[in-house]
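Trainee: With the hints as your guide, set chain B onto chain A.
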Amino acid sequence: MAVNATRSDANVIVGTTRAVEIPKQADQSIDQLRAAYRRPKVIPFPKSNPYTPEKAQLGKILYFDTRLSAANVLSCASCHSPAYGWGDGQPRGVGHNMRVLGRRSPTIINAAFGLVFMWDGRAATLEQQALGPIQADVEMNLPLDALLARLKALPEYGPLFKAAFAEPEITAPQIANAIATYERTVVSARAPFDAWIEGDEKAISDTAKRGFVTFNTKGNCANCHSGWNFTDDSFHDIGLPSEDIGRGKFLPSVVKMQYAFKTPGLREIARRGPYMHDGSVSTLEAVVEHYDKGGIERPSRSELMKPLRLSTQEKSDLLAFLNTLTSTLVPTTVPVLPR
Amino acid sequence: MREFIRSTRQFTIPTIAAFLLGAAVASALAAEHTIRQKGKVFSAAELAVKKGDTIVFLNDDNITHNVLSITAGNDFNLGAIGPGNSTPVTFTKAAVVDIICAIHPGMKMQVKVSE
Numbered sequence: 001m002a003v004n005a006t007r008s009d010a011n012v013i014v015g016t017t018r019a020v021e022i023p024k025q026a027d028q029s030i031d032q033l034r035a036a037y038r039r040p041k042v043i044p045f046p047k048s049n050p051y052t053p054e055k056a057q058l059g060k061i062l063y064f065d066t067r068l069s070a071a072n073v074l075s076c077a078s079c080h081s082p083a084y085g086w087g088d089g090q091p092r093g094v095g096h097n098m099r100v101l102g103r104r105s106p107t108i109i110n111a112a113f114g115l116v117f118m119w120d121g122r123a124a125t126l127e128q129q130a131l132g133p134i135q136a137d138v139e140m141n142l143p144l145d146a147l148l149a150r151l152k153a154l155p156e157y158g159p160l161f162k163a164a165f166a167e168p169e170i171t172a173p174q175i176a177n178a179i180a181t182y183e184r185t186v187v188s189a190r191a192p193f194d195a196w197i198e199g200d201e202k203a204i205s206d207t208a209k210r211g212f213v214t215f216n217t218k219g220n221c222a223n224c225h226s227g228w229n230f231t232d233d234s235f236h237d238i239g240l241p242s243e244d245i246g247r248g249k250f251l252p253s254v255v256k257m258q259y260a261f262k263t264p265g266l267r268e269i270a271r272r273g274p275y276m277h278d279g280s281v282s283t284l285e286a287v288v289e290h291y292d293k294g295g296i297e298r299p300s301r302s303e304l305m306k307p308l309r310l311s312t313q314e315k316s317d318l319l320a321f322l323n324t325l326t327s328t329l330v331p332t333t334v335p336v337l338p339r
Numbered sequence: 340m341r342e343f344i345r346s347t348r349q350f351t352i353p354t355i356a357a358f359l360l361g362a363a364v365a366s367a368l369a370a371e372h373t374i375r376q377k378g379k380v381f382s383a384a385e386l387a388v389k390k391g392d393t394i395v396f397l398n399d400d401n402i403t404h405n406v407l408s409i410t411a412g413n414d415f416n417l418g419a420i421g422p423g424n425s426t427p428v429t430f431t432k433a434a435v436v437d438i439i440c441a442i443h444p445g446m447k448m449q450v451k452v453s454e
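If you read the protein sequences in the order shown, they are chains A and B. Counting from 1, position 274 in the first sequence corresponds to residue 274 in the working numbering; the numbering is continuous, with no gaps. Counting from 1, position 27 in the second sequence corresponds to residue 366 in the working numbering; the numbering is continuous, with no gaps.
These are calculated hints, taken from the structure and not from any lab test. None of these values were measured; they are calculated from a predicted model. Heads up, some of the hints might be wrong.
What the hints assert, rightly or not - So, partial list: chain B residues that the calculated Cβ filter (under 10 Å) puts toward chain A:
| # | residue |
| --- | --- |
| 1 | S425 |
| 2 | H443 |
| 3 | P444 |
Glycine included, C-beta positions come from ideal geometry on N, C-alpha and C.
Excised from the complex, chain A in its bound form (with noise of 0.2 Å):
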C-alpha cells in the first residue's frame, strides 16, 4: 500500500501501486546474522581525497586547532572530543558566544564510512561537512576568507600545508581535505563484540549473545543498525517529541522525512550519552524503553517504530549486547599547534 505518493507531472506517469507476492525471506541462523557483522580490512578514502600521512597529520593539527573558530576557543574537538567518544557528552552543542544549539554533537567515530553527513544529511561529503561548523553563525562563526588570512599569517602552518599538497597558497578546499583525511582515520577500535564475531566464544557473556539476538529480531534494531557500524545512515522519525523537522527541511515533499534523523551507528554508545539527535534521553536504558513503546505516533513516523513488548529480561539482554560494543580506547594524543 502506497502511503502519501505525490502523482507526477507529464514526463513521468506514475501508475497504481499492487499488492504482489513475494517470496518470504528466510530467517538467518546466529552464523549468518554474525557474519554480517565482521569489520572491514581498510579504511575507505575516496579517489578525489586520498590518504598521505602529511595531509592527515595536518588536518588533525586543523581539527584540534581552536584558531578555526571566530572567538579562538572553539575547535572541532571541542564538540567532537575523544575524550567523549569524539562527541562533547552534552545534550546539545555549544557554539560562538556559549549558544547553546538545536542538536546534539554527533560523534565522528568511523565517519569515513558514512554516506552522507550530518543529522538531517545536508552535507553529501565529509569535506563538505568539515567546512559547515567552521563558517556557520552559531558554531566557530569564522568566514573563510578570515580563516584563510589567519592560517597564512601563522608561519608553521605553510610548510605543513605545503608537505601535504605541494601547491603554492593554503586554500579552502585544501583545510576541507585535511581535516576529513584526519576524520576518516578515526575508527572505532577493537571491542569485545569483534573478538566474538570472529570466533572467541568466551569474548562476550550469554546475556549479550541473547541481546544480540533480539537486537537482530524481535527488537528491530538491526533493520537500521546493521553492519559492524551498526548503521545503514538511513533516516527514520522515531517519534520523538521535537518540534525539529529534521531531513524533512531538505525533503519537504516525503511525508516520513518530517521529523526524520539519520540513524547513528552505535560503536561506543556506552560512552555517547546523551542521547538522540537532541540529547533528550540521558541513559541507554531510558533509550530502549523508547523503542519498546515506539514513541509518538504521527503520519512521519516510520512503520518500523511501534509497541515491541519487549520482557524485562530482553531489554536486559540488549543492554548488555550494547556494552560489548565499547573498546578500551587508548587515548588521543594532542597535536603541538603551529604559532
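Mentor: Here is chain B on its own, set in the frame of chain A:
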C-alpha cells in the same frame, strides 16, 4: 458551422483511428522493466530505457522503501512503499532521471530515457 463540424468529424475520425493504431503499436513496442529493492539496493544502478517504457518499482525487501526522482522536470515521489508492493512508472520524455530512496541514502539509480 454544422458543416464545418461534419467536415471536421470526417477528417478527425480517421485521424483518431490512426492515432489509436499508432498508440497501440507504440504501446506494444514499449518495454516494461522491473527494479527490485531487496537488501536496501536498487537492482540496477543504471537503466537505459526508451521513451514510453515503464519501470515497475517492486519492493521485494522486508522493510518500507521510498522511490523519489530528484531530477527537476521529471519529478515523482512514490511515497512510502511497504514490502510486497509494486508501482509502475512510465517515462514519456527523453531525459536522465536520478532516483533515490529518501529513507536509505545508499539506494541510488539513474534512468536514461532515450527517444
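Trainee: Are any of the numbered hints broken by this structure? If so, which, sorted upward?
Mentor: Going through the list in order, the structure violates no hint and respects every one.
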